[in-house]
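Protein chains in written order, with the working numbering: chain E, 1 to 353; chain V, 354 to 632; chain Z, 633 to 1066; chain P, 1067 to 1319.
Please keep in mind that the hints were generated in silico from the structure rather than gathered at the bench.
Quick caveat: nothing in here was measured; it's all calculated off a predicted structure.
Any given hint could be a false lead.
[To be verified] Below, a list of computed lysine-lysine pairs in the BS3-like style, where the Cα atoms sit at most 30 Å apart: (1) Lys-626/V x Lys-311/E; (2) Lys-335/E x Lys-1238/P; (3) Lys-335/E x Lys-1223/P; (4) Lys-292/E x Lys-626/V; (5) Lys-383/V x Lys-1290/P; (6) Lys-1301/P x Lys-969/Z; (7) Lys-1246/P x Lys-969/Z.
[Unchecked claim] A short, non-exhaustive set of chain P residues, derived as facing chain E with CB atoms under 10 Å: (8) Thr-1130; (9) Pro-1131; (10) Cys-1133; (11) Ile-1134; (12) Lys-1238; (13) Val-1277.
All C-beta atoms in this analysis are idealised placements derived from N, C-alpha and C, irrespective of residue type, glycine included.
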Amino acid sequence: MNQKLNNINEMKCQFLDENATYDFLKFLKGRSKVFAPHRKGEASYIYDEVSDVKDVVLQYPRTIQPLKKYFLPPRETLLSFNIDENNFTESEINVEPRIFFGIHAYEMEGVMRLDYTFEQGQPESNYLTRREQSTFIGISYEPDEYHFSKSLGIDIDSVDGFSLYFKKTDNGYYVYEIDAAGQQLMKEFGKGKRVDIPVTKEEPEFTNKIKYHYNRLPQIFEHVYDSKVWEEVAERCVGCGTCNLLCPTCYCFDVRDEVEINATEGKRERFWDGCMLNPFAEVAGNENFREKLSSRTRHRLYRKFKYITNKSGELHCVGCGRCSKYCPADISITKIINNLIDDYADRQQKQVI
Amino acid sequence: MENVVYEKKDLYYPVMSDILSVETLTAMEKRFQIAMPENQPLNHKPGQFVEVSLFGFGEAPISICSSPTRSPNFELTVRATGRLTDKMHMLEAGSRLGIRGPFGHGFDVDVFKGKDVLFVAGGIGLAPLKSLIDYTLDKREDFNKVKIIYGTKNPAEILFPKAIEEWRQKDDVEFDMTVDRADKSWKGNVGVITTIIPPLQLDVENTVVAVCGPPVMYRFVLMALKAKRIPDDNIYISLERRMKCGVGKCGHCQINDVYVCQDGPVFHYPHVKSLEEAI
Amino acid sequence: MSTDLNINVHHVTRVEGHGNIVVDMKKGNLNKAQLEIVEPPRFFEAMLKGRNFHEVAIITSRICGICSLGHQMTSLKATEAALGLEVSEQTEILRKILIHGSTFQSNILHALFLATPDFFKVGSVFPLVKTNKAVVEAALRLKRLANDIGDVISGRAVHPISCVPGGFTKLPSEDDLRTLRDKIVTQGLPDAELAIDALASVAHEIPPFERETEYISVYSDKEYALYDGDICSSDTGLYPVEKYLEVTNEFVVDHSSSKHARFNRDSYMVGALARFNNSYALLKPKAKDVAAKLGLEAPNYNPYMNTVAQVVEVVHCVEDTLEMIDYLLDTGIKQEKPNQEPTRYGRGIATTEVPRGILFHDYTYNRQGMIDKANCIIPTGQNLANIDDDMKKLVPEIIAEGKDAITRKLEMLVRAYDPCISCSVHMLDVEFIE
Amino acid sequence: MSGQKPKVAFFDFTGCEGCQLNKLNFENELLDLLELVDIVEFREAMDGKADYYDIAFIEGGISTPQCIERIHDIRRRCGVMVALGQCAVSGGINAMKNLHPSEWVQEAVYGEDKYLFPSIPAQPVSAIVNVDYEVRGCPMSAPEYLHVFKSLILGRKPEIKDYAVCVECKLKENECVLDKGMFCLGPITRAGCEAICPSNGQYCTGCRGPVSNINRDGAVDMLKKHGYSTEEALKRMKMFNTNEIDKEIKWGR
Ligand SMILES: Cc1cc2nc3c(=O)[nH]c(=O)nc-3n(C[C@H](O)[C@H](O)[C@H](O)COP(=O)(O)OP(=O)(O)OC[C@H]3O[C@@H](n4cnc5c(N)ncnc54)[C@H](O)[C@@H]3O)c2cc1C
Ligand code: SF4
Ligand code: SF4
Ligand code: SF4
């Protein structure tokens, strides 16, 4: 699996205190649309367009929907049609430059995994057009009990994909210029204070971990297809699909035609869908090829750790912890993986004996 | 990101095409002859499919049942089972529908060349196979023996009786069929399709088999072929799954790590044999 | 002139729920003139037994979809009284706006869509779409506006969502309120005027019948009482809500799956006309103007005028809603969570004016916060005896007009009460048998 | 149906009429809808009766012997039958009374007069006659009803969702009410309401019935985590769905 290129511990940076950071947001807002984390309800966060920089939350555990909502919207019109005239109009996808501020490393990796999906085979212009003209500015975070991206090779300070990276320090941020675009932004903003020697700072520990090194996971998945772990998970899973919908690398969709009240005009729309849902693998004749929750859960995990990985060379889980955090049945993906590892190790041992 | 090339024209826009003729085959099936704009050829391979779309009624994958050897136009055989297909049955010659495709991985005809070919078709599975059968017959000299076996629920559901009559007449084609339940007019075999496999005289090493039928059929046909000692390596099957895009994105047709719309619908049997969710 | 009359209207149309009108007159003797309620009983009070206080209003709201909001409010108030839950001023104001929205929507639905076709002598509102399109459209917009109030403040107009014991699970934003206000001013008021003019033009079709009866409603000296107050009888004055059983005196009659009620006389009337008669002085000025314009003066003893009183109330509700929205916008919406920590367990009784009249819910909770005993007394049930008494007076008065006209006027009479039969089918003071 | 406008009728059985009202609450679309169909019977809004209907919408459940006769009669005279709202689809909230012996319920309500008003267990319309399509919810979901209506006018099968409310809730990016410490039946309840309750900060009460192929044990387990006993969990799941939760359900795993 890829070795990440940038190591910020060897890079010089600038310092912005908390107020200057908000000034920087204002500066960004003056240039283009800016999207950043906001509070939603009592205990949740979402990405949203910045209208007042004061509403931006800099430190947050994770948002409900991942960043994919901007490139693969939860609901999108593919085309509009007129039944009487039997013709359709293409839907315009206009993108203007967009800056995504306050993005965590795993989230950025999630976007890059999704890129793979929409680029390989027959590239899809809806997604790729929306992906154009996007600038990402990263930020560090405190991992909670659900994050485990480090176990998958994604450090808090992994900066691939970002133009700038904000690393939290006492009363402000160290700002790293990752690419030329980032450099340009900082130059124009002009209020950063140069920090002359590279700063080294310990990354906080992740409490949620996978037992084995991520390089070994595809190999584990070679051997656990018939593990009893799947049945154990299925006893508790209620098949709600939350884990699919909120996963930054899940992209399955459904397409439906809906007509207006005049029964003449209408739209062909696509919606996020998920392989955990009962009707997902149904075919004509009411046969369902993944009727059991155990086979659905297995399919979901195999798509994260094996099926796509075999082709792309990368794991398609980025360790954001959304599937576990939002699962109403408290099913934890790291527990599943660690149980699979135990099961595998057990069986290996029995074979040796 | 920067170096990916993609066409602005979206994958999901259908090409509006004309229905040239509609033929009622059975109570449930109709055959449509379709022309792409300006009679452009579809350039398909036997076994491939198109996404048919009718606005307000959605899209569905339908196999191309005519051989690319026959004309620039192509044919679809459609069973009325739901939203799109019911509406399609109400269309007449002169109507237009949307076509995307051809999609998928058809039959690799080169593998069949010089070999004995056995076609096993169940129910509407004859439609996708017909494109390959016609192709084989049009290039007859490329192939060795040709055998077709076909099973339907009852005599009223027999597709393409005219073509069947032709196959029966031909000296260089062996044809046999059976029905699950006979009626008074029926004089042929009665029983499921696996009952007419054992009597076949096959050069097992040198026979390539193409199978297509309803999901339930595969397990039994494959058992019967195994009993005849046909190597798995010589078997090709065409699978069906729900699809929402046809281009490997929507995820619906995925069987373990294969996509039916991209890696199939025609699969080399050893490729899917070990996939638990396939058959 | 025949002195025999036999009328049997099976399932009266354009009313909520199922009822039949039966009149039997032999040789000038009126043996029977009654509204038979044949709506299937639904046994709500039994279903409530053992339910957690969070669920109670969700269930009771389903007693009636038309007055779901009123049931929900009354239920919440009874639960809060039983569990000692205080609500904020903001919650009360939002609830009052909701009650207004519900009265507004229900009165419009009844007055303009169900009753008005009688005055235009057509069988439904549908033909009026062709002949009086502008008015129908205005009426539809008014109804939408009334529903918007429910949607904005409680998430849904039928079986509201966000009002729960102790407050709201989601509060409307100030922007939402501002939009609503603008819509009421720019669209609601002119539409209401249009509808009132249309009604005024057919007001002479209202039959001139009178029968003085006892009028019972909620009353408060602070405002035209809908959300809360004491019980008021036009005969004997005010009673605290705890005395509701002495006022309603429900009894089972064999021709109705809904129970009847009586207090100081053989029957009493509840609803818009009762409220109008008891609380006229507290109406907003514009509502009084409209009453004058439509020829309605307090007290009025013509039950057919109930429809007109409903329209007057619409104007009152709109005006009062605007004032309350302005107040909320001035003070600003405070983000607050529902107060759901019970301070006691026991009995709680509440009353509210729902569109069809006075409604009572009475619950007793056990220490687990579950219902032990429940009783709901619904306005239509209280009106049934009064309807029968009206019919008994009316039929002999109009006997000369012939069966068809009599039937029509009886149907109109029943409709004027805007009976909500589905919710009237319930039971009274239940002793749950363990 | 070609050429002529489809004849549409509405019938109400045992229920609260909230669905009828919800149907009238499409004020913006009502006049357009009227253009597309002929409404031939609708007791709540008009006089008159008809002999045949292309589409019969049924609101309310079956709860008396008379209901049974009437529904048979309508079935004989209609083309497509659509059950509107949870009372019609599953018996709805009325079916809660099925949890108690009927004698007890009747006595509780009418005391000594209990025999005056016969009542049978509350049942869905589909328990008596064949129902073609269902619009679930208490009240029936307005967007789904419109979808079914438009689909039938187009002459196509409606697409009825069979996945959880959570899906629609997540598509809307609502704050999950579980995160606020409430419980929620969204994970096992059929979508189609656009997650209207969680969108308003309230938990999903399960008013649209369970998705097919539910994991009932898993669901009880899930509610236990939120502090409900098995008994209380089942009671909550049954509020609108006594009949559906009680019948033999195919286990999800
Ligand atoms: C590669 C391929 C080739 C095919 N070739 C042909 C062909 O040549 N001819 C042909 O007739 N068919 C063919 N099919 C099958 C055809 O695509 C399906 O029957 C398709 O569903 C018809 O679409 P529809 O809109 O008419 O039916 P739908 O309305 O989709 O209904 C079809 C059936 O599926 C059920 N159903 C509907 N929606 C769902 C859902 N969301 N989940 C589960 N079940 C549902 C319905 O009840 C019905 O039984 C092919 C399929 C594939 C994958
Ligand atoms: S979120 Fe949890 S309960 Fe829902 S489908 Fe995923 S694993 Fe199952
Ligand atoms: S599988 Fe779970 S942890 Fe991994 S990326 Fe998806 S949602 Fe995040
Ligand atoms: S609020 Fe309820 S419906 Fe919405 S996601 Fe959470 S559990 Fe699912």
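List, from low to high, the hint numbers that the structure doesn't satisfy. 3, 5, 8, 9, 10, 11
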